[in-house]
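Residues per chain, in single letters:
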Amino acid sequence: MSRTHRVIPGLPLTLGYTLFYLSALVLLPLAALALKAGQMSAPEFFRVITDPVVTASLRLTFFASTLAALINAVFGLIVAWSLVRYDFPLRRLFDAVIDFPFALPTAVAGLTFANLFLKDGWLGGFGPRLVEGVNALAGLTGAGPLLPSGALDWLTFPYTGQTGGIVIVLVFVGLPFVVRTVQPVLLEWDPEYEIAARSLGAKPATIFARVIFPEIAPAWVSGVALAFARAVGEYGSVIFIAANIPGRSQIAPLQIVTRLDDFQYAQASAIGVVLLAISLLILLVINGLESFSRRHERTA
Amino acid sequence: MAGAPIAAKTALGPIKPAPPPHPVARTVLVTLAVSFLTIFILVPLVNVFVQAFAKGLDGYLAVFWPPQPAPEQVLSVVQQRKLAEAAVQAGRTWHAIGLTLSVAAIVVPLNICFGLAAAWATTKFNFRGRALLISLIDLPFSVSPVVAGLVFVLLLGRNGIFGDWATHLTWIDPFSLRWVGFEAGFPLAFERDYSGVIFTPLAIVLASVFVTFPFVARSLTPLMESQGTDEELAALSLGASGWRTFFKITVPNVKWALLYGVILCTARAFGEFGAVSVVSGHVDVNDTMPLRIEKLWNEYNNQAAFTVASVLALLAVFTLVAKAAIEWKAARDLPQNQGHSSQ
Amino acid sequence: MSSRLKTRLAGVALGLIALAGAAAAAEVRLLNVSYDPTRELYAVIGQNFAAKWKAQTGDKVTVELSNGGSGKQARSVIDGLNADVVTLALGWDVTAIEKAGLINSGWQNKFPNHASPYTSTIAFLVRKGNPKGIKDWSDLLRPGVEVITANPKTSGGARWSFLSLWGAFAKARTHDFTTAAGQAEAKAAADAAKDFPIYNDAEARGKVSEIFNKHVPVLDAGARGSTVTFAQKQIGDVLLNWENELWLAKDEFGADKFDIVYPSTSILTEPPVAVVDKVVDQRGTRKVAEAYLSYLYTPEAQDVIGQLHYRPRDVAALNKYSAELPKIPFFTIDETYGGWAKAQATFFADGGIFDQFYKPAN
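Protein chains in written order, with this note's numbering: chain A, 2 to 301; chain B, 4 to 346; chain C, 5 to 366.
So that you can see chain A by itself, here it is in the shape it has in the complex (with noise of 0.2 Å):
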């Protein structure tokens, strides 16, 4: 690399260019959250970060990211091998309608979803609503109604304002990480080594968790990393379906919004150094992990 070094020019200018703009738009604004927070002193900022209202919804932050990472880790993973690996009506368009909520504005996410999960909602009264359709549908044939009403009140699912919706939406924004970070490398990935193991009598399950899996694992742990740490940030989608009580089901970033209203901008200041002192690590975690994985491949 030293060699090429010297040949390719740019270097100082794209370099310069580079951290001057990341400074200015980046850094430096980082470091001014730094520096409020930093009036504080030692003990003080201890006692924001800890108090039980703020500890609380950095644990519903942290509870609801990982569970919907964890959610995402599992059906992104199925949704991308389904997609990769077989064939069924309008693959193409359930492919294309992945990258959908990168592009939906959060807020607009969340209206949805509360409007969706709400108690008279298409999914939060979803066993109600569907003896209605399915009546109505009947009705139009002739037929009287198929299904008693009521007979489906069992079947709703009213998470608007409950840590279930706040989950929910959390799925929403990270699946595209995942689904479309394992996708690339299931379509390079090379069958005949497949074939070669089902040859030699290996069983599917065997040789998914055996020769595909560990091929995929780095790819699918940075997508559920990146959606995680892009769930612990979200705001827009969540304080539209939250209850957001204090201590209950306020996320972290409300409480920041929270302390902001009450003229409290060091310990709002506080809070999102924490924030973003653990989406750092998250990073630095992933790009370690990556480099690791690129290196073990090249020895391997």
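Hints were generated in silico from the structure; no laboratory data involved.
Keep in mind that a hint or two might mislead.
Unchecked claim - Sample of chain C residues facing chain A (criterion: CB under 7 Å; computed from the structure):
1) K76
2) T158
3) L223
The C-beta atom is built at its ideal place from N, Cα and C for all residues, glycine as well.
Put chains B and C on the given structure of chain A with help from the hints.
Only chains B and C this time, still in chain A's reference frame:
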């Protein structure tokens, strides 16, 4: 690379000639995948449009073009006020659309320049601190949007580090250039200026740059890294200048990844809510489309809120179609590229 | 006009960002930073004022609006939102801006009625027919009754609701504000009030705490958000909110959906208005900003205020809309709580009584 989720190559080719799938596994997995995607993505997508058309096509269009009464029609005071209010509301919605497009028009080119420079520096060279630099470029991906807004308040707010300078800054809105006729000499004039930075459209631009910062750089780096420096070295050894090499060799090689990054950057710039909400000050003239949606919803105008949302969803669908087209083109170009780089 | 010439010069220069003074707008723009539910009121007032100002002076004025939680709005102004005037939910938020050095002290006396052009109160919105039979404050404590209110930490309206709840449970002394004698009596009582045992009222504290802990399922950031939760998301049995906000919800969603219930007593709310001195002096908009706020006291504006279910100061307007603004006995924040500074510090400040309600058990 952490940028893998936005790597350009996610195009689905034909199904791979893998060993025959296990029929039970296949059915179970496909069913799970399809129902999961239906609940979490298709149903919300459909729901946005159903709510937008709750008052029919006329109601949908009235959000943008309020009904005009026939000239001879006599209107009561109440009706007049309703029509005037509808016109004001439509005006605000158009303003929000204009601001959203303007912000994207500034933010995206800025991030393209940065993305190309950053990708060039981090993939064509090896230097100390490179891994840290890549992590720092990724940082805005995982900073909470609320924090992203907060940092600009702390920097540029009245009591912020540059507060004194920023609150006294007066600037002209370049998008307010209007034709005003010749009666006073020069026919063009800016109709609007702003004082201050925070809580003005300038702050919206800054917050949008922050949250869309890594998209272009991160969609370029994996590809540029895998392409190495052979082609550039060949061009340089044949006497091409650095700029010429960059524009004739590097950029064409990564054009699809670049476009993909631009599309994602644009989508995020259109759709960002949390960060711009913090720096908008809730002033109507600072409303982007997502903020406008929140206001319409808060004015109990559910249907109009979802109508504007459906425009954003349409933009999203459009970007997704564009992305699919790009991937298709990229897949077609791929063999050619590979032949190229193995020379 | 020189400002126009300047604008044109700027046009010639095509400068994208010019330093101070290089550009001037072709018309006067006022920014009114207000709290959540007044959006509809100030939209109408702004248009009427612009027409009147144009007729009087020939100048074009546009009043731009910003609406949000009262505390958040005050913070935005302190942080650099260049508001010419603020019309907030409670005096404390204006005081916060005053403390930041943007509003001169004595703003309460710049306009009539302690700079408060209308009053309002807190009442209940229930579902049509009042299925849970909610008639008064004590009914909120009945098992199974879900109460919707916003977060008092972030919403001015919710702070008034909180003080109203507490005052009603503590049986605060009320007055008849429809008569001059009643108003004088209230004023004298407020001036005479020295100590405020109400803060230590254990019964009120227990009941308010019970309501927030056991009966409030959702806490929105703003007054408007809580109305949306109750009306649009259909969560809860009773909404505590501004009287005008309840009427607006009834108008918007249809009278067949909700009923408004007035409790036996409630609090008199006096939302203040003020010119942001530092901003108007910097922008040169003092004259029009003061005219705008004075306009609120004209009979014409007072009628609009009454129409939109705020309680006008103007007696003629108040009587005109008395059917929709029924007379109930009010207690005041000055007499009952000794003013906003004390109430804020005791109830809503960091670690105050409200925070203690929500301390998690461990």
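Requested in this report: List in ascending order the numbers of the hints, as given earlier, that are violated by the structure.
Outcome: Result: no hint breaks.
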